[in-house]
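J.: Single-letter residue listing:
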Amino acid sequence: MKTTFRGGVHPKECKELARDVPFETLLPTGEIVLLLAQHIGKPAAPVVQKGDEVKMGQLVGKADGFVSANIYASCSGKVKAVEPRRNVAGKMVNAVVIDNDGQFTLAEGVGVERNPEAMSRQEILDAVGWAGIVGLGGAGFPTQVKLMPREPEKIEYIIANGAECEPYICCDDQLMRTYPEEIAGGMKILLRLFPTAKGIVLIEENKPEAIAAMRQACEKVENLSVLPVKTKYPQGGERSIITVVTGKHLRLGMLPADVGCIVDNVSTVRAIYRAVRWTEPLYERAVTVSGEAVKHPKNLIVKLGTSFQELLDCAGGIKEGVTLKKALYGGPMMGGAFADLNCPTMKNNNALTLFAEDAVEKAFSQMTACLKCGRCNRTCPLGLQPQMMAAAAERRDYEYYEKLYGLECVSCGSCTYGCPAKRPLMQLFTQTKAEIMAIRKGGGK
Amino acid sequence: MAAFTKRETLLNISTGPHARGPLTTRMVMLDVVISLLPATILGVLNFGWYSALVVLTAVLSAVLTEAVFCWAVKKKQTVGDLSAVVTGLMLSLCLPAEVPLYVPFLGSLFAILFVKCFFGGLGKNIMNPALTARCFLLIAFGNAMTNYTLDGVTTATPLAMLANGQAVDLYRVFAGTTSGVIGCSALGLIAGAVYLLIVGGITWEIPAATILSYTVFIGLFGAKGFEPEYLAVQLCTGGVLMGAFFMATDPVTCPTTSPGQLVYGVVVGLLSGLFRVKGTTQDSVSYAIIMSNLVVPFIDMVMVPKPYAYRAQREKGARIIPKAALTLCAIGLVAGLALSGIYTLTKDTIYEQQLAASAASYREVLPDAQDFAPDEGLDAAIAALNGEPYGESYGRSIINQAIAGKKASGATVGYVLSVTSKDGFEGDITFSLGLTRDGTITGIAFTELNETPGKGSLCGEPAFTDQFKGVSDTSPVNAVSGATVSSVAIMNAVDAALDFFAANAPQ
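Listed in order, the protein sequences are those of chains A and B. Letter 112 of the first sequence, counting from 1, is numbered 102 in my numbering, and no numbers are missing. Add 1 to a position in the second sequence, counting from 1, and you land on the number used in my numbering.
The hints are simulated quantities; they were obtained by calculation from the structure and are not laboratory data. Since the structure is predicted, the reported quantities are computational estimates derived from the model, not experimental observations. Honestly, I wouldn't trust all of these hints.
What the hints assert, rightly or not - Taking lysine-lysine pairs in the DSS-like style, the calculated list, with each CA pair at most 30 Å apart, reads:
id: 1; chain 1: A; residue 1: Lys423; chain 2: B; residue 2: Lys75
id: 2; chain 1: A; residue 1: Lys136; chain 2: B; residue 2: Lys76
id: 3; chain 1: A; residue 1: Lys32; chain 2: A; residue 2: Lys136
id: 4; chain 1: A; residue 1: Lys393; chain 2: B; residue 2: Lys307
id: 5; chain 1: A; residue 1: Lys393; chain 2: A; residue 2: Lys238
id: 6; chain 1: B; residue 1: Lys76; chain 2: A; residue 2: Lys352
id: 7; chain 1: A; residue 1: Lys431; chain 2: B; residue 2: Lys307
id: 8; chain 1: A; residue 1: Lys393; chain 2: B; residue 2: Lys470
id: 9; chain 1: A; residue 1: Lys352; chain 2: B; residue 2: Lys307
id: 10; chain 1: B; residue 1: Lys307; chain 2: A; residue 2: Lys220
id: 11; chain 1: A; residue 1: Lys136; chain 2: A; residue 2: Lys238
id: 12; chain 1: B; residue 1: Lys125; chain 2: A; residue 2: Lys423
id: 13; chain 1: A; residue 1: Lys238; chain 2: B; residue 2: Lys307
id: 14; chain 1: A; residue 1: Lys188; chain 2: A; residue 2: Lys(-8)
id: 15; chain 1: A; residue 1: Lys315; chain 2: B; residue 2: Lys77
id: 16; chain 1: A; residue 1: Lys423; chain 2: B; residue 2: Lys307
id: 17; chain 1: A; residue 1: Lys(-8); chain 2: B; residue 2: Lys77
id: 18; chain 1: A; residue 1: Lys32; chain 2: A; residue 2: Lys(-8)
id: 19; chain 1: A; residue 1: Lys285; chain 2: A; residue 2: Lys309
id: 20; chain 1: B; residue 1: Lys307; chain 2: A; residue 2: Lys144
id: 21; chain 1: A; residue 1: Lys352; chain 2: B; residue 2: Lys408
id: 22; chain 1: A; residue 1: Lys188; chain 2: A; residue 2: Lys210
From just these sequences and the hints, can you work out the full model?
T.: In structure tokens form, the structure reads like this:
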């Protein structure tokens, strides 16, 4: 096993802002908005109506089809409405809105202890599906689907992703330091599903406390070890992880299972543990609130559906004398920008990052023509040629763009980060990929 | 909760990444400037303050040209990216120390305006602006561009010394205390190159491939095989270091991919070696690089590395060097050999052209003649001299050739003698001397006069040469003031020719 991958960049980590701040549970006071599409796949179907009384941990949206996920109430109270609400990306999505009574009364049957050792494979899978667990690292892909590969006997590695390579974010770090036993317990459950596989907890070297805590917890589990890797972006990307662990590279359309891997974020692994062992559906998660504009950067345990504005208020709001210029859900590399903080947290939101300065705005003012310096080619973790891809994309030569394997791009942004000419490469690739896919769907029209 | 927030309170939205690295185009260019400073400083220390003026002129002219162009065509002002400074500095380091200031001025103007701005500005030019401008200057101002001086005196460059079989002091080549261009210190260039490699301004591929292929070529086809000291001098002089580390690596005009850069480096190295061994000028590297620049779009077209996921695993016995790399190397070699073949083929033509040039000078000194034919008697007398200096009282004056000038009717009107004096201040002086049948001088024309500019070179001016017309000995001729050595050498050679003609004149 290697300790790093080819390419990548070293953005300023900025994790010191919140990395040593222990978790604080945020009990929201405002309304809770449970979007029914918080995952990849079909939105959940609402199973409550306006006026219904709900309790924390009660099902409000039922998975609709195979690739979908259940949605649970994260507070107790009365259903105010089932109506479209704006999500982080600004899109209107159907949601269950709950008038929070501030009691957080648990629903019946939630929190009942179970013995995972006594559960069958199917019972474990059912529990994960029941709990509405999706990839909490950011992708939001329904986890139970991932745990049912076509050829389970070919799975060699179960990898818990604790790399957390995004700058500012440190909630996974805190999770590993605070709940190492639960993460190790989750891995033990996953290893029961795949008896021939090896368990790996992959952590970047800049988290020595988490490595130590996880090592101690993993000792007690057979076939489970910690793999410290070099600190480099995008180490936390699924492809980089698989390259480090197996030496193999995924191609477009391939799943990790095709090279014998299943990769889950450490917070997902913990959620699996909570669901199987404690019958706890997914209604809360760890979120880092950080960035130069925040008064008290914090790590919070947040009830899903809480408004991001409440997260910011909990972290002391914006620093005095500073104007908030940009707010991101997620970190600066892969995260998206909000126009407005009054929208609800979702299962895959791991951070709220707030800046007084907009790096994109600044980069735009420094933009020059491409120097052809080739730094992007050297940083691409997939071995693509972003310089050539950009030239093809700019002249709308989609045929050549595809020939350059441009559709392989995972939009990690490494090329854009390192570009001295400040070219908006990733934006160009994201747009070009979307256009090519649209042309394919539309039959070339 | 309001469905919409007031527009004023909305935050910036954009696609990511929302963090950008500290590196900017200006910093990239600044790194190149810094890397060129050691060579510049050593150059100024060696050649004196005038060379600093040359550097300054080139840089200012480059910046000014770009600024004026951007203003004139209403483009966003781009001088702030410092790329014009880099071009000006690079060009000036490739100029002789004592060029007139209009040379760097016009060079930078040409580089920025014609090679860069007209092609669309930064990143769009197809050839290295500094080197293309240098080649333009070599063609336009050949004398000024090849007049290499040291302490105000024209001195042979290490490369010229090497070509003449003289020994070259490698220590002086490193320190840059030889005759040559301003940026000729090998030490300064290497220091700058190391800096650039460390900060990531250049990658190893192009310099390594260039230097390696060049060394191998020189070793195989050069005069002294793989003799280490010979190779070291060949490597450290004539712009090879400047070319390999600073010119060929210009990101705009080199391939962007790693394998492409290796192939390109090999092409540059082979062409440099070929032009140096087979070519006629010392400026092989400049020509090699700008010619290789033209191959770059093709290299970028065929040498596209596949993503890691699509590359063949090496342990499966796949070829390490891609097929395209081999193809391109082969193309480079074939092109090189073809060029050397063309040189060999045209060599005779060149000789004939030189003959025609001599014929022109014959006509100049003996205007009455329409045709020239060898004279057996004089030829025999010259052969008898055996290439030794003629007589004892004329210094080292050698009679090269004598030819009879005839009218259309066939009647002999006079003779032209080609004479070389070995007593010139800077080397050989060769001239044609026209004589009537009775030995009166009709004219003198120089075919080789490399004397100190402004001094010995004045011997080629009519003020001096016209004194010879109509006389039959050199007693009335006055020497050029300040160029006594050159004048005396010429007068001695003329006397030798007159004496030789008197003794052997056909009746």
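J.: Next step is simple, just say for each hint if it's right about the structure.
T.: Consistency of the hints with the structure:
This hinted pair does not check out: A:Lys423 and B:Lys75 have alpha carbons roughly 34 Å apart, beyond 30 Å. Distance restraint check for A:Lys136 and B:Lys76: the Cα-Cα separation of roughly 54 Å exceeds the 30 Å cut-off, and the hinted pair is therefore not satisfied. For the hint pairing A:Lys32 with A:Lys136, the CA-to-CA distance comes to about 16 Å; that is within 30 Å, so the pair holds. A hinted pair counts as satisfied when its Cα atoms are at most 30 Å apart, and A:Lys393 with B:Lys307 qualifies at roughly 10 Å.
Distance hint between A:Lys393 and A:Lys238 is fulfilled; the C-alpha atoms sit about 22 Å from each other, no more than 30 Å. Distance hint between B:Lys76 and A:Lys352 is fulfilled; the C-alpha atoms sit about 21 Å from each other, no more than 30 Å. At most 30 Å may separate the alpha-carbon atoms for a hinted pair to count; A:Lys431 and B:Lys307 meet this at roughly 26 Å. With a CA separation close to 76 Å, the supplied pair A:Lys393 and B:Lys470 exceeds the 30 Å bound.
The straight-line distance between the Cα atoms of A:Lys352 and B:Lys307 is roughly 33 Å, outside the 30 Å bound, and the hint therefore fails. Simply put, B:Lys307 and A:Lys220 have alpha-carbon atoms about 25 Å apart, close enough for the 30 Å limit, and the pair holds. Simply put, A:Lys136 and A:Lys238 have alpha-carbon atoms about 19 Å apart, close enough for the 30 Å limit, and the pair holds. Restraint check for B:Lys125 and A:Lys423: the C-alpha separation of about 26 Å stays at or below 30 Å, so the hint holds.
Between the alpha carbons of A:Lys238 and B:Lys307 the distance comes to roughly 15 Å, so the proposed pair stays at or under 30 Å and holds. Taking the CA atoms of A:Lys188 and A:Lys(-8), the gap is about 16 Å. The hint holds against a cut of 30 Å. Straight-line distance between C-alpha atoms of A:Lys315 and B:Lys77 comes to about 27 Å, which keeps the hinted pair within the 30 Å bound. Of the supplied pair hints, the one linking A:Lys423 and B:Lys307 holds, its CA atoms being roughly 18 Å apart against a limit of 30 Å.
Straight-line distance between C-alpha atoms of A:Lys(-8) and B:Lys77 comes to about 47 Å, which puts the hinted pair past the 30 Å bound. Distance check on the hinted pair: A:Lys32 and A:Lys(-8) sit about 38 Å apart at the alpha-carbon level, beyond 30 Å; violated. Of the supplied pair hints, the one linking A:Lys285 and A:Lys309 holds, its CA atoms being roughly 4 Å apart against a limit of 30 Å. Straight-line distance between C-alpha atoms of B:Lys307 and A:Lys144 comes to about 28 Å, which keeps the hinted pair within the 30 Å bound.
Of the supplied pair hints, the one linking A:Lys352 and B:Lys408 is violated, its CA atoms being roughly 82 Å apart against a limit of 30 Å. The hinted pair formed by A:Lys188 and A:Lys210 meets the criterion: a straight-line CA distance of about 14 Å does not exceed 30 Å.
Checked against the numbered hints given earlier, the structure breaks hints 1, 2, 8, 9, 17, 18 and 21 and satisfies all the rest.
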